[in-house]
Amino acid sequence: MTDEPLLRVAALSKFYGSRVGCENISFDLWPGEVLAVVGESGSGKTTLLNCLSTRLLPSSGTASYRMRDGQWRELYRMSEAERRFLMRTDWGFVHQNPADGLRMTVSAGANVGERLMAVGDRQYGKIRATAVDWLSRVEIDEDRIDDAPRAFSGGMRQRLQIARNLVTGPRLVFMDEPTGGLDVSVQARLLDLLRGLVTDLGLAAIVVTHDLAVARLLSQRMMVMKDGRVVESGLTDRVLDDPRAPYTQLLVSSILQV
Amino acid sequence: MPTPLVVSDVAKSFTMHLRDGIRLPVVAGVSFSIRTGECAVLGGPSGAGKSSILKMLYGNYAVDEGQIIVQHDSGLIDLTSASPRTVLAVRRRTIGYVSQFLRTVPRVSALDVVAEPLVERGEDREGAREKARALLAQLNLPEKLWALPPATFSGGEQQRVNIARGFITEHPILLLDEPTASLDARNRDVVVDLIAAKKAAGVALLGIFHDQDVRDAVADRVIDVTAFAARKIAA
Chain A
13 MTDEPLLRVA ALSKFYGSRV GCENISFDLW PGEVLAVVGE SGSGKTTLLN CLSTRLLPSS
73 GTASYRMRDG QWRELYRMSE AERRFLMRTD WGFVHQNPAD GLRMTVSAGA NVGERLMAVG
133 DRQYGKIRAT AVDWLSRVEI DEDRIDDAPR AFSGGMRQRL QIARNLVTGP RLVFMDEPTG
193 GLDVSVQARL LDLLRGLVTD LGLAAIVVTH DLAVARLLSQ RMMVMKDGRV VESGLTDRVL
253 DDPRAPYTQL LVSSILQV
Chain S
86 MPTPLVVSDV AKSFTMHLRD GIRLPVVAGV SFSIRTGECA VLGGPSGAGK SSILKMLYGN
146 YAVDEGQIIV QHDSGLIDLT SASPRTVLAV RRRTIGYVSQ FLRTVPRVSA LDVVAEPLVE
206 RGEDREGARE KARALLAQLN LPEKLWALPP ATFSGGEQQR VNIARGFITE HPILLLDEPT
266 ASLDARNRDV VVDLIAAKKA AGVALLGIFH DQDVRDAVAD RVIDVTAFAA RKIAA
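Heads up: the sequence lines are chains A and S, in that order. Under the numbering used here, the first residue of the first sequence is numbered 13, with each subsequent residue one higher. Under the numbering used here, the first residue of the second sequence is numbered 86, with each subsequent residue one higher.
Everything labelled a hint here was simulated from the structure, so no lab data went into it. Careful, some of the hints might be misleading.
Said to hold, decoys possible - Now the stretches of chain A that chain S is said to cover, found in silico as 3 or more residues with beta-carbon under 8 Å: (1) 120-126; (2) 219-233; (3) 254-263.
No residue lacks a Cβ here, since even glycine has one placed at the ideal position from N, Cα and C.
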């Protein structure tokens, strides 16, 4: 087993004019590790996620990614085409709103198959079989394969989005509030599914969430952000059970007990 | 005799930023070590800091001062300054922990909850489940419960799932936070047997037991936590 990180982020900052999006963020992410980025709206967590996934270019700082061949590449120096290729093959991005990550007017099977075709699969029978397999892994019945996601519930759409992202066997998945906007019972099912998939596939993931329970269940490590900066980071259970920063203490003490 | 865990001069306090930054000292000057094949017990009244000490040893609480030296793989590491990634590796391979309460995950069966630590360490799922079945049977958990998620189990049943999960691995160091608190006499005896088997296998154990009978049955020595009271020192 390799003992090198998958992603190295150093002094990453993004400014919108004079306003801080995120400032001076540094961390390493190893294969198989799930990092939760928590904070309230406007804390900069989504800006950070968008910079890391190269959907947004930072104002300064670097992020290096270890490619499948072991070569380190500086993300912001890659060409647009190279970044898109990475996005389609080695990475996944699960949006809060499934409509942002799915093609709503084509069938569920095509949504999954499209990603396979993007990495060069051409044989229809094989693509369909893989799509069926992935739909069952995210607990969508095979007989829904020809339905468009428009006809799906919110929870099903989110599961379909996950299947679409994971079908190419990515090594790194970005998730933006993956359970946001879902009913609590649907959230639990989705979290459980995500947790199983992440463990079984040995995925590395960066999960942005404002929900500390989601962070506790999914992640091993956590960064707490406020006003664009990281105010506390560490093992997830350490940060939640022994919060040190005033802002983390406020967040943790604000959780409603049920 | 080898000493896989050495704690020296550890201090811990909580700073309550939401309460005008009040500082609550918990313990100070905590120093002891645990040898292989022994079970040491943390003694002292409630609030003396016994659980806090265990949580620091597991990396669950941060440490203000001092060192916690653990023999991990073939080297020594200081847990108080180790990276999160190292702490996770220590938990996977070196230090096991049985907490007072089971933190349940929705929809995962009791059997898989127990087998999970072995699967995480690379054992195949069926072999891990086999060992889980044996432990759950030993702890008298009714077989009809094995396939169900433990969320709806009684306190004693959850505790037994938790114990099985903690004892299934071969961690060289095992921390026990009142593992017998909600068990009946028969199952307390099973836990005593499990602890004896760990000792015989050369595991270093450190535990908190409020039950006097259990403590007398397993403890090789008692570490008096009142000696580490920080409030006296701070006052």
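Status of each hint after checking the structure:
Taking a C-beta to C-beta cut-off of 8 Å, the region 120-126 of chain A contributes 0 residues in contact with chain S, too few for the three needed, and the coverage statement is violated. Coverage of a stretch by a chain is defined here by at least three residues with a beta carbon nearer than 8 Å to that chain's beta carbons; for the region 219-233 of chain A and chain S the count is 3, and the condition holds. For the region 254-263 of chain A, the assignment as covered by chain S holds, since 6 residues bring a beta-carbon within under 8 Å of that chain's beta-carbons and 3 suffice.
Hint 1 alone, counting from the list given before, is not met by this structure.
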